[in-house]
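Given these sequences and hints, build the entire structure.
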Amino acid sequence: MKPNQNKLLKLIINGIFFIISFLALFPIISLFISSFRPSSILMREGISLTFDPSTLNLDNYLYIFTEGGVYWQWYTNSLIISLLVIVLSLFFSSMVGYALAVYDFRGRNFFFILVLFIIMIPFEIMMLPLYQMMISFQLINSYTAVILPMIVAPIAVFFFRQYALGLPRELMDSARIDGATEYGIFFRIMMPLMLPSFAAMAILQGLGSWNNFLWPLIVLRSNDMFTLPIGLATLLTPYGNNYDLLIAGSVMTILPILVLFIFFQRYFVEGLTVGGVKG
Amino acid sequence: MTSTSANAKKDPVNGAQASKPRRRKQPEGPKSNRNKGPNQPNKVLRFFNSKKVAPYIFIAPFIISFLVLTLYPAIQAIIMSFQSILPGQVNFIGLENYERITNPTFYKALTNTTIYVILTVAILVAFPILLSVFLNSRLVKYKTFFRASLFIPALASVIVSGMVFRLMFGETDTAAANQFLGWFGIGPLEWRYERWSAMFLMVFLTSWRWMGVNILYYLAALQNIPKELYEAADIDGATPIQKFLFVTLPFLKPITIFVTTISIINGFRMFEESFVFWESGSPGNIGLTVVGYLYQQGIQQNDMGFGAAVGVVLMLIIFVISFIQLILTGAFKRGDE
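Protein sequences, first through last, are from chains G and W. Reading the first sequence from the start, the letters are residues 1 to 279 in the numbering used here. Reading the second sequence from the start, the letters are residues 280 to 616 in the numbering used here.
Any given hint could turn out to be false.
[What the hints assert, rightly or not] Below, computed lysine to aspartate or glutamate pairings styled on DMTMM-like, alpha-carbon distance capped at 20 Å:
| no. | chain 1 | residue 1 | chain 2 | residue 2 |
| --- | --- | --- | --- | --- |
| 1 | W | Lys-331 | G | Asp-173 |
| 2 | W | Lys-330 | G | Asp-173 |
| 3 | W | Lys-331 | G | Asp-104 |
| 4 | W | Lys-387 | W | Glu-558 |
| 5 | W | Lys-522 | W | Glu-510 |
| 6 | W | Lys-422 | G | Glu-270 |
No lab work stands behind these hints, which were simulated from the structure alone.
Okay, structure coming up:
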């Protein structure tokens, strides 16, 4: 009697989870399917639950690869900005986090609390003065303007600090005896040891910058400087006849991330759960 | 001379060791002032390489970025909120910006945002707790698949996922949501043009994106509950529900405080989820948020002083709520222990 009841319960719960998983994946799946449907129908009817399989074709992709020049410009911009953000923010944030973890110096606790405090301050509050600053430095419509506020990421500093706390400090002393400088110790010995933490932060920062919206929307002005989210958002007009670019472009935007996710699932999970940073 | 310059070249690489032979050399007497040349940078190097100075150089990027990109803009935002800022003409106007904030549009934005925060916090705490408890139990198979598929929505940007939602919740009876309702005989809804459904769209989009991430937070917290507690509860004859209420839930309190805090902060910062559905403006401002209002006034209307005042009010709201929440949940008490 009881095992049977248990089996039924299991069946129901697993069934519920299948439904929930389906709901979670449904928008992504329907995005993929819709990208093979005629954009004119999509614009008129929206994404439907039912569709005529005979209408599926590759037109949207043909269009994006032949005439989607501006789209690939956005793609390049997003790639460059994301790569720069990853490299710069990981470099600086790891330095700061490392120092906060391994050195005893005056103000260490103060700076650590400051890092935690800054995580809590919403960026939107600093936005207008930063925007003014970018105007006065004539950085509007440049990569620099987009990247600058992301260079030292407090959340990454926090993560690196936690990770560096576990580094073997004896290594530092023996390296000093061998005549290594403090900077040599960091770059040649400790940074390689911290590499596992870099993967998670690269994903956090990369994804954050790939999907970043409000700040680039403010500082980027011309169509050829837009990043992917900004560019795609300009196609979101009800009168637009650009739905072919919009839908195929959206697929091409999330496809590389999904592929990376399949291979580096662990680091995605680590990176995105470090502190609930907006993706 | 040659040996000195060789030493100087070596110094940046292994300073500490190289400095020792140098000290021994000095009593031999530098014959000319030229010897002091390479000596000077060596002192500088030793200074920068000392254990007292190095940490400050390591954290210098943070200090600079904090001063230039956080502290200065934060102070400037407060100053700007007392100014009227026109091109080439900045005047202090006292509290005028704050007086202007008390207008129906801002109240609407604040009401919308508050309702949105309450709904998303409730949904993004309650459901992840329930789902993660089941995912952690022996009842569920294919855990990895469920976890991964619930996590995937967090990877897509708000713009891409919002665009898909917009097409699924279109006004026509052929759009997915209306099609579904049609099967139950409910007529096509104009999702983006009614107050309740506008809120529903924003809350649903956010809940859909963050559910998986929050489930992972709770799963991690569940791993930390000692198994012996459940065994002890079993011996005492506790029902599964009692075990959940009296063993599981108390252990989930810290992570719940964390999830609630970030959900509140992110909720008050919400902008994109509204922008993707209505771009510049929603009918009757049914989708307007506080940050949306800040963007509209500060950037689009170029009324930066007023926009800054909206930002300051937003900052105060977030601080007060976080503070109250931390006191209520006893987070400060734990810190003292």
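Quick rundown of the hints versus the structure:
1. Restraint check for W:Lys-331 and G:Asp-173: the C-alpha separation of about 15 Å stays at or below 20 Å, so the hint holds.
2. With a CA separation close to 11 Å, the supplied pair W:Lys-330 and G:Asp-173 stays within the 20 Å bound.
3. For the given pair, W:Lys-331 sits about 8 Å from G:Asp-104 by alpha-carbon distance, which is consistent with the 20 Å threshold.
4. Our distance criterion of 20 Å between C-alpha atoms is met by W:Lys-387 and W:Glu-558, whose separation comes to about 17 Å.
5. Taking the CA atoms of W:Lys-522 and W:Glu-510, the gap is about 10 Å. The hint holds against a cut of 20 Å.
6. Under the criterion of a C-alpha separation no larger than 20 Å, the hint pairing W:Lys-422 with G:Glu-270 is consistent with the structure, at around 18 Å.
Of the numbered hints listed earlier, not one is contradicted by the structure.
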